[in-house]
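Listed in order, the protein sequences are those of chains A and B.
Residue numbers are given in the working numbering: position 1 of the first sequence equals residue 1, and the series is strictly consecutive.
Start counting at 1 in the second sequence, then tack on 1000, and there's your number in the working numbering.
Just so you know, these hints were derived from the structure itself, not from any lab.
Keep in mind that the hints are not guaranteed to be accurate.
Said to hold, decoys possible - If you want a taste of the chain B side facing chain A, the calculated C-beta under 10 Å gives, among others:
(1) Asn1030
(2) Tyr1060
(3) Asn1062
(4) Ile1186
(5) Pro1219
Claimed, not checked - Simulated restraints, written as ranges between beta carbons of each label pair:
(6) A/Phe164 x B/Thr1208: 48 to 56 Å
(7) A/Ile89 x B/Arg1010: 16 to 24 Å
(8) A/Leu8 x B/Gly1187: 56 to 64 Å
(9) A/Ala87 x B/Thr1208: 30 to 38 Å
Every residue gets a Cβ at the ideal spot worked out from N, C-alpha and C, and that includes glycine.
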Amino acid sequence: MQVINWILRFVGLAFIIAFQVLVLNNLDTGIYIHPYIYPMFIFMLPLNVPKWIMLPLAFLVGLIIDMFNMTPGMHASACVLMAFLRAPILKLLTPPTGYDAVGSPNIRYLGATWFTIFTAIMVFIHHTFYFFVEILSFQHLGYTLLKIVLSGIISTFLILILTFLFTTKKERK
Amino acid sequence: MRSFFLFIIRNYAIILFLILELLSFWLIFNNNAYHKTFFLNSANYLTGNVNEKYSSLTDYLNLGEINDSLLAENAGLRSQIHQSRQFDTVNVYQMQDSTGTVLYTYIPAEVISNSFTEVNNYITLNRGTKHGIKKDMGVITSSGICGKIITATENYSVAMSVLHGNFFTRAAIKKTNVQGNIRWEIGDPTIVTMVDVSEPGELQPGDTIITTANSLLFPRGILIGTLQEYGREEGSNFYTLKIKLATQFSRLHTVYVVNYLRKEEQKSAEEAAINNAGN
C-alpha cells in the first residue's frame, strides 16, 4: 500500500513538472505573474517522511525545475527552505483533533479552510524566497513585492483547483 | 568527541538544511554570470529534447506567421546582400565587379525555448557546435538584434537574450552616428535603454538606432529599435535614450547566429594595441 502510494506520488510529480514546464512557464502573463505549482508535491508529502529524505528530495525537485528554467540553484534553494519550514508550520496549524489519523496534509481529513491556509503559507514562503533570490537585491522592491503577491495568489489558486480536481467527491468532506 | 557526534545527530536536519542551501547558493553564484556552461550543458541534454518536442508541436500553430516573416526577410536579403561584405581592393574602379571578402556568415537556427518575462532571459536554439556555433557569437532575427551565445553543446546552444541583466552592446543613432551602450532594465520586454550618450544633437521620436562596427557580436547596421523618448539627469553630461526594440521577443521563432570570421583578428589587434600603448 505504501509502495503504491509512493509510485502514485511520483507519477503525480511527473505530471506536475510537465504542467509547470510546458504550460505555466510558457504562458504569456506579463512580468508580474509567474505561478509555480510544483511546490505542492513537497508540502503534500506524508507527515512521517523523515527530514533526511524530505530535504534532498526538495532539493532535487527544485533542481529539475531549475534545469528547465536556466536558473541554477534558485528553485532548489527556495524548495529546501520550504521543506525545512514545513514542520514548524504544521505544528503552528495543528487542528484541535491533532494529526493522529492524518497521513499527509490533504483536504480529505483536514478540511478546505485548513488546507487553503496551509497552501497559501507554503506558497508564499517559496515565492518570497525565490523571487528575492532571483533578483538578488532590494533595488526593485516594489516590482518584487507585487510579483510575489500576484504570483502567490495565482499559484495558491491553481494548487487548490488541482487538488479539488484530483480528490473524488466521496473523499471530500 | 562523543558529544560532538551527538550534537550532529540531534541537529542533523538543520545541518542538512544548511548544507543544501549552501550547495544551492554555490550553484547560483557560480553559474549566474556569464559562465553557466557546466549547468547548462548538463541541462541541455536533459531538457533540450523535451523543449524541442514541445516546440515542434507548437510550430504548426505559427506556420502562417513564420511564412510571412520568411518571405519578408528573403525580399530584404535580396536588397541587402552587400552589407555583410567588405571590399578589400584599394582601387575603387574595381569595385564594380569585385565580389568582396566575406566577413560574416549566418547560421540559421530555430528557437526551441525562449523566455522574456523573467529577470534574466535566455533563448535555447536547436543548433550547436556541430553546426558551427561557438560561445560569444551574436544572434539576430530578421527584424533586429536578439542576443549572444553563452554556451553551445553538440546539438543545442543557449543565448543570453538582449533582455538579460548582463547583456551589453555598442549602438549608434543612425542619423548622427553618435554612439552609446545598450542595456536592458528589468521590466518591460519591449524597451531597452541606451546609456552614455553625449551630445546627441536634435533627436526625434522614431529615430533609428543601429549596431556599430566595433561590436564583435553584430555586423554594422543591424537594427536595434526606434527612439521613444530621451532625457538627461540633473548634473549629468550623458543622455539616456529609451528605445523600442525592433525584435518582438514574445514571437521569436527563426534566428540567425552571426559568425564574424575576423573576430579573433580584430580582438588580438585591439589587445595588442592596448598592450603596446601601455609600454
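Hints versus structure:
1. Asn1030: holds, 8 Å
2. Tyr1060: Because about 15 Å separates tyrosine 1060 of chain B from the closest Cβ in chain A, which is outside the 10 Å limit, the hint is violated.
3. Asn1062: Violated: closest Cβ of chain A sits about 13 Å from asparagine 1062 of chain B, beyond 10 Å.
4. Ile1186: holds, 6 Å
5. Pro1219: Violated - the Cβ of proline 1219 of chain B stays beyond 10 Å from chain A, reaching only about 27 Å at its closest.
6. A/Phe164 x B/Thr1208: 48 to 56 Å: With Cβ atoms ~53 Å apart, the hint holds.
7. A/Ile89 x B/Arg1010: 16 to 24 Å: holds, 22 Å
8. A/Leu8 x B/Gly1187: 56 to 64 Å: With Cβ atoms ~42 Å apart, the hint is violated.
9. A/Ala87 x B/Thr1208: 30 to 38 Å: The hint (30 to 38 Å, Cβ to Cβ) is violated, given that alanine 87 of chain A and threonine 1208 of chain B are roughly 59 Å apart.
Going down the numbered hints, you'll see the structure goes against 2, 3, 5, 8, 9, while the others check out.
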